[in-house]
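Chain by chain, the residues run as shown.
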Amino acid sequence: MTELSSPAGTIYDRGYRHYEGPREGRGRRVRAIAVAGVRRVLGLKRNWKTKVVPFGLLVLAFGPVFAFIGARVLVGEAVGEFLGYGRYLRVVAALLLLFAATAGPELLCPDRRQNVLALIFTRPVTRSDYLLAKLAALLAVVGLIALVPLVVLFVGNTLTADSAATYLRQNLDDLGRILIAGSVLTVFYSVVALAAASLTDRRAVATAGLLGVFLGTTALANILFFTASFEGRRWVAFLSLAGLPGRFVDWLFGVPYDPGTLADQAGFTGPAYLVATGVVTAAAAAVLIWRVLRLRA
Amino acid sequence: MLVAEVEGLSKRYGTVQALDRVDVAIEPGCTGLVGSNGAGKSTLIKLLLGLLVPDQGRASVLGHDVATDPLAVRGRVGYLPEGACLPGDVTAADFVAFMAQLGGLPPRPARERAAEVCYQVGLDEERYRAVGGFSTGMQQRVKLAVALVHDPAFLLLDEPTDGMDPQGREDMLDLIARIRGELGIDVLVSTHLLGDVERVCDRVVMVHGGHVLAQGSIAEIAGTTEPGFGIRLGDNGPEVLAALRAAGLEARPSGEELLVQGPSDLIRDVAAQRGWPLRRLVPRAPSLEETFLRLQAAQGGSPVPVARQPDTPEAAWGVRR
Numbered sequence: 001m002t003e004l005s006s007p008a009g010t011i012y013d014r015g016y017r018h019y020e021g022p023r024e025g026r027g028r029r030v031r032a033i034a035v036a037g038v039r040r041v042l043g044l045k046r047n048w049k050t051k052v053v054p055f056g057l058l059v060l061a062f063g064p065v066f067a068f069i070g071a072r073v074l075v076g077e078a079v080g081e082f083l084g085y086g087r088y089l090r091v092v093a094a095l096l097l098l099f100a101a102t103a104g105p106e107l108l109c110p111d112r113r114q115n116v117l118a119l120i121f122t123r124p125v126t127r128s129d130y131l132l133a134k135l136a137a138l139l140a141v142v143g144l145i146a147l148v149p150l151v152v153l154f155v156g157n158t159l160t161a162d163s164a165a166t167y168l169r170q171n172l173d174d175l176g177r178i179l180i181a182g183s184v185l186t187v188f189y190s191v192v193a194l195a196a197a198s199l200t201d202r203r204a205v206a207t208a209g210l211l212g213v214f215l216g217t218t219a220l221a222n223i224l225f226f227t228a229s230f231e232g233r234r235w236v237a238f239l240s241l242a243g244l245p246g247r248f249v250d251w252l253f254g255v256p257y258d259p260g261t262l263a264d265q266a267g268f269t270g271p272a273y274l275v276a277t278g279v280v281t282a283a284a285a286a287v288l289i290w291r292v293l294r295l296r297a
Numbered sequence: 298m299l300v301a302e303v304e305g306l307s308k309r310y311g312t313v314q315a316l317d318r319v320d321v322a323i324e325p326g327c328t329g330l331v332g333s334n335g336a337g338k339s340t341l342i343k344l345l346l347g348l349l350v351p352d353q354g355r356a357s358v359l360g361h362d363v364a365t366d367p368l369a370v371r372g373r374v375g376y377l378p379e380g381a382c383l384p385g386d387v388t389a390a391d392f393v394a395f396m397a398q399l400g401g402l403p404p405r406p407a408r409e410r411a412a413e414v415c416y417q418v419g420l421d422e423e424r425y426r427a428v429g430g431f432s433t434g435m436q437q438r439v440k441l442a443v444a445l446v447h448d449p450a451f452l453l454l455d456e457p458t459d460g461m462d463p464q465g466r467e468d469m470l471d472l473i474a475r476i477r478g479e480l481g482i483d484v485l486v487s488t489h490l491l492g493d494v495e496r497v498c499d500r501v502v503m504v505h506g507g508h509v510l511a512q513g514s515i516a517e518i519a520g521t522t523e524p525g526f527g528i529r530l531g532d533n534g535p536e537v538l539a540a541l542r543a544a545g546l547e548a549r550p551s552g553e554e555l556l557v558q559g560p561s562d563l564i565r566d567v568a569a570q571r572g573w574p575l576r577r578l579v580p581r582a583p584s585l586e587e588t589f590l591r592l593q594a595a596q597g598g599s600p601v602p603v604a605r606q607p608d609t610p611e612a613a614w615g616v617r618r
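Protein chains in written order, with the working numbering: chain A, 1 to 297; chain B, 298 to 618.
Quick caveat, the hints were computed from the structure, so don't treat them as lab data.
Model, not experiment: these values are computed from the prediction.
Even for Gly, the Cβ is constructed at its ideal location relative to N, Cα and C.
Mixed in with the good hints there might be a few duds.
[As the list claims (entries may be wrong)] Each pair of labels, with its calculated beta carbon distance range:
| hint | chain 1 | residue 1 | chain 2 | residue 2 | range |
| --- | --- | --- | --- | --- | --- |
| 1 | A | Val73 | B | Glu409 | 41 to 47 Å |
| 2 | A | Val151 | B | Asp362 | 48 to 54 Å |
| 3 | A | Gly27 | B | Tyr310 | 33 to 39 Å |
| 4 | B | Met298 | A | Val148 | 52 to 58 Å |
| 5 | B | Val579 | A | Gly25 | 50 to 56 Å |
| 6 | B | Asp462 | A | Gly21 | 47 to 53 Å |
[What the hints assert, rightly or not] Here are a few chain B residues that face chain A, going by a calculated C-beta distance under 7 Å:
| hint | residue |
| --- | --- |
| 7 | Pro384 |
| 8 | Gly534 |
| 9 | Pro535 |
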């Protein structure tokens, strides 16, 4: 019989221990809320139904880009030109509206409806930390759709061109435009969606309300412009919330407004729509800040 | 050093005076904050956390002024709120880890500690299930794990046994007793259930109508430091009662036993002299409920009874453990 000279196993005491490790500051708390927000919006660590909308929209945003680049890799420049960055951003803008209208409420509404704020605000988290984190989360996921597909397209176009250096030299301005246009769209849709979400604790109401306002103002602007006759009629172009950033993007990429449309006939240029986009974003930001800073735990 | 101190604190909601110039001193240990619904208990806790701004007065917790340094207070305090407050579609482990990060823990330690604390509060494999499918008792455990996960020095528990079945209540009270006894964390338990307070607390603050009726150790509050006993002597009949009283003991029937105030030696002597079998002799604390009702009446309002824990034979007297 052999004698045991050393223990055959170890018994761990699983009793409560005080935490003596490092403690991080405000940045960690903001980052934790932001990361949790990104996960929530994308449906990560949740059931499959919550992943359908975000990943469906991501597939719609990235799918054509990857398909085009794949074709360019296989066939070369014979594939011809893609839609063009400006026109593709028009498609992306429609996806952004849908995405932001679902993601914004997903970020803000459940915390209030399920009273999770009663726990969050009993940690060293201020209302401004909370707002900053939620905004960062939505900017990240909206930016993922507004910026990344176009940047991927630009990189793909560069790498599959006969001369990458020549393409880069000739089209570097487009990269700047992509970043500016993508940023404007990202900030506009993120702030407006969060502002709408801050007005109710019901996700469906916020989503429907936001889409209703965007579609309704567009319809109203067109009806007023094309059926009514009054002094300064062309200013109703700024009523159409959905059109504001898109018309700036069209101008930025030199895409002409479609003939006969409100944008074409109103006669305003891109900078005017950029200013209007900024005004709407600022107003939405004011509503958002006013609502979030008054949240009760 | 006091764990928390409140001086002249007032809070009004519209026409309702929730707290009126309240002075409270919370000493180390487990303190019960008792009062009927609407007495101002939750308001006091929210003021201690800096979630509400007082109309007047000041409060400090763990040496930090709540008005000027609320974030420092919240960093060292754990809070279990009353009512539903958990996200339904997140697992308990993920949510507790998230709350640990909000307490300043880096992601990896937060996950590890969340697992440990979930285990400690009785959530083992269940922690990987979505919270929305949990029973009330399980959700209370998750809330307790959230309150504990960042290793607070002071726990504020608002109605921790609210909505729980008798077994769940017992388990939760055991956990609270362990938190104080084994972990050394100071605890303030807000409840309208006097049985809960008598079970786990050594001190009590009684509030009613926004005023503090009394505060101190439970024995002091109940008006006596002399221990009492619940006994079964012979048939516990009138003859036994008379003999105990004749021996100078204060005795009265309660349920299946007699509640006797006085030295146990005297009870033993009565049993020996009469030859009656002494079948039960259990220490009993004086009733908090009677004291509470008496203080309420003395303050002028009609007494509003606080709830007793259901289905206990000692309805009027609580068991001290």
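Hint check:
1. A:Val73 x B:Glu409: 41 to 47 Å: Hint holds: Cβ distance 45 Å, inside 41 to 47 Å.
2. A:Val151 x B:Asp362: 48 to 54 Å: Cβ of valine 151 of chain A to Cβ of aspartate 362 of chain B: about 50 Å, so the range 48 to 54 Å holds.
3. A:Gly27 x B:Tyr310: 33 to 39 Å: holds, 36 Å
4. B:Met298 x A:Val148: 52 to 58 Å: Since methionine 298 of chain B and valine 148 of chain A have Cβ atoms about 55 Å apart, the given range 52 to 58 Å holds.
5. B:Val579 x A:Gly25: 50 to 56 Å: holds, 52 Å
6. B:Asp462 x A:Gly21: 47 to 53 Å: violated, 37 Å
7. Pro384: Constraint on proline 384 of chain B satisfied, holds at 5 Å.
8. Gly534: The hint is violated - glycine 534 of chain B has no Cβ within 7 Å of chain A, the shortest such distance being about 49 Å.
9. Pro535: With a closest approach of 51 Å, the proline 535 of chain B hint is violated.
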